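K.L.:
Make a model of the complete structure from these sequences and hints.
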Amino acid sequence: MAPAAVEASCHQPPLRIVSRRFVKASDPSIQPHTAAVSNIDLYNGGTGQFRIACLYPKAGSSFDDVVAVFESGLPSLLNHYYPLSGRIVADPTSGLPELHCHNQGADLVVAEVDAAMRSLDFGEAETLKKIALPFPDDVGLSVQLLSFACGRFVVVWGINHLLGDGSAITQLIRKWSELSRSGTIAGTGEPSHDRSVFRPRDRPSYGARVDKLFTTFDENRMVNVLTAHDSFVERLYYVEAGDLDRLREAASAKGGRRASRVQALSAYLWKALAGVVAASRVPEERCRLAWWVDARQRLAAPELAAVMPNYFGNATTYTAADANVEEVQRKPLADVAAMVREAITAIDYDEYVQEISDWVEEHKEEIFVESPLLGLGAPTLSQTVFASFPLDTDFGFGQAALAMPIFSYTRLSSGFMAISARPAGGDGSWFVSACVWPRLAAALESDEQHIFKPLTGDYLGLV
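The numbers in my numbering rise by one with no breaks, and the one at position 198 of the sequence shown is 1486.
Derived from the structure by calculation, the hints contain no laboratory data. Worth double-checking, as some hints may not be accurate.
[What the hints assert, rightly or not] Here are the simulated lysine-lysine pairs, DSS-like style, with alpha carbons at most 30 Å apart:
id: 1; residue 1: Lys1741; residue 2: Lys1417
id: 2; residue 1: Lys1542; residue 2: Lys1652
id: 3; residue 1: Lys1346; residue 2: Lys1652
id: 4; residue 1: Lys1418; residue 2: Lys1346
id: 5; residue 1: Lys1312; residue 2: Lys1418
id: 6; residue 1: Lys1418; residue 2: Lys1542
id: 7; residue 1: Lys1500; residue 2: Lys1418
id: 8; residue 1: Lys1500; residue 2: Lys1619
id: 9; residue 1: Lys1559; residue 2: Lys1741
id: 10; residue 1: Lys1559; residue 2: Lys1619
id: 11; residue 1: Lys1741; residue 2: Lys1652
id: 12; residue 1: Lys1542; residue 2: Lys1559
id: 13; residue 1: Lys1741; residue 2: Lys1418
id: 14; residue 1: Lys1542; residue 2: Lys1741
id: 15; residue 1: Lys1619; residue 2: Lys1741
id: 16; residue 1: Lys1500; residue 2: Lys1346
Since the model is a prediction, treat every value here as computed from it, not as a measurement.
P.N.:
Laid out in structure tokens, this is it:
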């Protein structure tokens, strides 16, 4: 493909595509086939594409060497992730998506950015979106290699959400790093692509909780684009390891169970949200926190537990809890952390995942979304915690300074945070991509504890 220029706005550095091609798996023994997706894939896949941007801070590495590693190694990686080399196609009879695993190839892009990485505004989440290139909707995987004028580079990993969730894409990056350094991924086990593990029952059955979880995605019931755009701000923050430790200490009941990092930070956010809601001109009695929860570590059935550690696909569920605003404000952090723990751990995930699969079976022809995301009723802040997934980004050029999920949140009208950790070998700090109400952002940034700090190039080591 001939080099192509991507037009830059006043906030976007000029980007030139040097090459773009499809890379195929190299193992000729893998037979082309068509694979069905699971109902859990259909549940998660409605959100389209998502990406992780990995920023490598060490200037001086030969970008040609980086490109060469991907060109030589990506075919071997696709041998283990063959569906990512296929295409997503609508079944002509049902109209539902299926995977045509015919080795059509993954998208590999090489591009140049005419700016120093340090010049990017890392405090704005929009910055990472602007350096990630779009790719066709039917493509399973896009790997984008971006060289900056300062000698640093970014690797953007993009997958279609129908094929995998946050755990899946971090597994892919982790296996790539292992394969690039050692020539094998045998040490951590082969990925499992058996999507039949999430089958609906012959007679679908689900309770009121699951039935209320979803709402038909109808544009006529959503706020317009101007209201959605002007109601939220997008920020990138970092949370230092020491602050997380102090929150954990405050969120742990004396003589009781120690709060996890997720529980402690969620409790802090819930209290911050309650404070903002309480100060609103229009009274609202309740506010809600929600989480996308990876079910892999929570499924107990032997047939599921055996394949979940290396399962590549979607195994994420959504759970929410609302509470009285005054109660959240009044309770100590440890009590709110206990509310978070209860909301996440009290669920029987085997039954919950089964009921979701059964619900989707009866609503396959609909487009649906988790009801709290629409912004109706109690103000809701939802979180997806990539920090729970181990991530190794060193494929021979050192660890990335930042590995940040990139999502498009469009016309949904609730708060959203994606939380990631420094890659392997980091200092234990977390990064947060936030799409939140301006008043909540102001509350977080002005809090005397300074838990949420705007991300900067200096903090990432871009000196």
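K.L.:
Each hint needs a verdict: does it hold in this structure or not?
P.N.:
The hints, checked one at a time:
1. Lys1741 / Lys1417: holds (20 Å)
2. Lys1542 / Lys1652: violated (48 Å)
3. Lys1346 / Lys1652: Violated, at about 47 Å.
4. Lys1418 / Lys1346: holds (22 Å)
5. Lys1312 / Lys1418: At roughly 27 Å apart (the allowed maximum being 30 Å), Lys1418 and Lys1312 satisfy the hint.
6. Lys1418 / Lys1542: violated (46 Å)
7. Lys1500 / Lys1418: Since the Cα atoms of Lys1500 and Lys1418 sit roughly 36 Å apart, the hinted pair is violated (cutoff 30 Å).
8. Lys1500 / Lys1619: Holds, at roughly 28 Å.
9. Lys1559 / Lys1741: holds (18 Å)
10. Lys1559 / Lys1619: holds (9 Å)
11. Lys1741 / Lys1652: The given pair, whose Cα atoms are some 42 Å apart, is violated under the 30 Å limit.
12. Lys1542 / Lys1559: Distance of about 20 Å is within 30 Å: holds.
13. Lys1741 / Lys1418: With Cα atoms ~22 Å apart, Lys1741 and Lys1418 stay inside 30 Å; holds.
14. Lys1542 / Lys1741: It holds: about 29 Å lies between the C-alpha atoms, which stays within 30 Å.
15. Lys1619 / Lys1741: holds (25 Å)
16. Lys1500 / Lys1346: violated (49 Å)
Violated hints, listed in ascending order, are 2, 3, 6, 7, 11, 16; each of the other numbered hints is respected by the structure.
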